[in-house]
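K.L.:
Sequence:
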Amino acid sequence: MAIEGLHPVLVFLIGAVLVAATRGKARQGVSLATPLIAALALLGLPDGSSFSFELMGQTLIFAHIDRLSFLFALLFLVAATIGVIYSLHHRSRLELTSALLYAGSAIGAVLAGDLITLFIAWEMLAVTSAFIVWARGDRESISSGLRYFGFQIASGFCLLIGVLLHQQAGGSLIIEELGVLDLASPGALWILIAFGIKAGFPLLHTWIVDTYPRATATGTVFLCVFTTKTAVYALARFFPGTEELITIGAVMTFFPIFYAVIENDLRKVLSYSMINQIGFMVVGIGLGTELAINGAVA
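Just so you know, we're using our numbering here: the sequence shown kicks off at 38 and counts up by one.
Heads up, a few of these hints could be off.
Unchecked claim - Pair ranges (Cβ atoms, derived):
no., residue 1, residue 2, range
1, Ser-310, Ala-191, 20 to 30 Å
2, Leu-201, Phe-295, 34 to 44 Å
3, His-126, Phe-194, 36 to 46 Å
4, Arg-130, Ser-222, 37 to 47 Å
5, Arg-130, Phe-295, 10 to 20 Å
6, Leu-47, Leu-215, 18 to 28 Å
7, Ser-222, Glu-41, 44 to 54 Å
8, Ala-191, Ala-63, 33 to 43 Å
9, Glu-213, Phe-292, 35 to 45 Å
10, Gly-66, Ala-221, 45 to 55 Å
11, Leu-215, Phe-292, 30 to 40 Å
12, Leu-111, Glu-281, 25 to 35 Å
The hints are simulated quantities; they were obtained by calculation from the structure and are not laboratory data. Quick caveat: nothing in here was measured; it's all calculated off a predicted structure. Beta carbons are placed, not taken as given, at the ideal position from N, Cα and C, and that holds for glycine.
The task is simple: from the sequences and hints, build the whole structure.
P.N.:
Structure (structure tokens):
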């Protein structure tokens, strides 16, 4: 029972507006229906590119469906549904509204068919996830959220520089035409750094341990899924087989173990454990074989 002609991100935008405008059982019903309707919209999207238009001489493609983007979008919808169910008891309008916008931004990123659309979704991820942290409302969450927001904006800035350098060198902005980026090509290193900040590469990971324990329990459920996994998707899309990722991923699997062993805060232990698991994914992407990529995504 797929719904054709409807973008999943639009469903999340409408759902977020309705959640902000309703209360009680109505809000719970809207929040639960949103990812389910978005899943039907995803199933109705055709293979290849759709929802595209021209803006200032650039082609913006808001939906590009292939095996990788479809799989990540579907996984994100499942995660959003689980997160909504877990948060049904929570009464924070700001947090739930932000969570739906956050999930929609992540899905928009994995469905993006060009680098400009990816950048827009990348920045929406930063803004909406910061509000999830701030929704707790205490001094620690506000200060931690500001530091988190700084890291995410830095990631977006690096991505923007990389995209501009890539375009200036004559490269295409259409993701389907890009293929695998070579680190020696203009802008590629900046793009990798942008992805690395969100993925929690070594020395760029501190925002994860700083922020996730400061959000509410329901907020952490959403935060643990979308930002880092969107970065994993981006690495798998643009840098499969990049050997440097093997070393980076190996370090990510190794160093969090020591911090987790001496940590007393269970939510910080969870944060270190997540970095460890992302490290295995990064190693798989770096290996670049079909089996390794499938294992990383799984």
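K.L.:
Confirm or reject each hint.
P.N.:
To see whether the hints hold, each was checked on the structure:
Separated by about 25 Å at the C-beta atoms, Ser-310 and Ala-191 satisfy the suggested range of 20 to 30 Å. Between Leu-201 and Phe-295 the C-beta distance comes to about 39 Å, which sits within the given range of 34 to 44 Å. Here the CB-CB span from His-126 to Phe-194 is close to 38 Å, well matched to the stated 36 to 46 Å. Hint check: Arg-130 to Ser-222, Cβ distance near 45 Å, so the stated range 37 to 47 Å holds.
The hint said 10 to 20 Å for the Cβ distance between Arg-130 and Phe-295, and at roughly 40 Å that hint is violated. One distance hint, 18 to 28 Å for the beta-carbon pair Leu-47 and Leu-215, holds here, with the actual separation near 26 Å. Between Ser-222 and Glu-41, the C-beta spacing of about 38 Å breaks the proposed range 44 to 54 Å. A hinted range of 33 to 43 Å for the beta carbons of Ala-191 and Ala-63 is consistent with their spacing of about 39 Å.
Remark: the range hint 35 to 45 Å for Glu-213 to Phe-292 is upheld by a beta-carbon distance near 36 Å. The hinted window of 45 to 55 Å between Gly-66 and Ala-221 holds, with their beta carbons roughly 52 Å apart. Distance hint check: the CB atoms of Leu-215 and Phe-292 are about 32 Å apart, consistent with the given range 30 to 40 Å. Leu-111 and Glu-281 have their C-beta atoms about 29 Å apart, which keeps the hinted 25 to 35 Å range intact.
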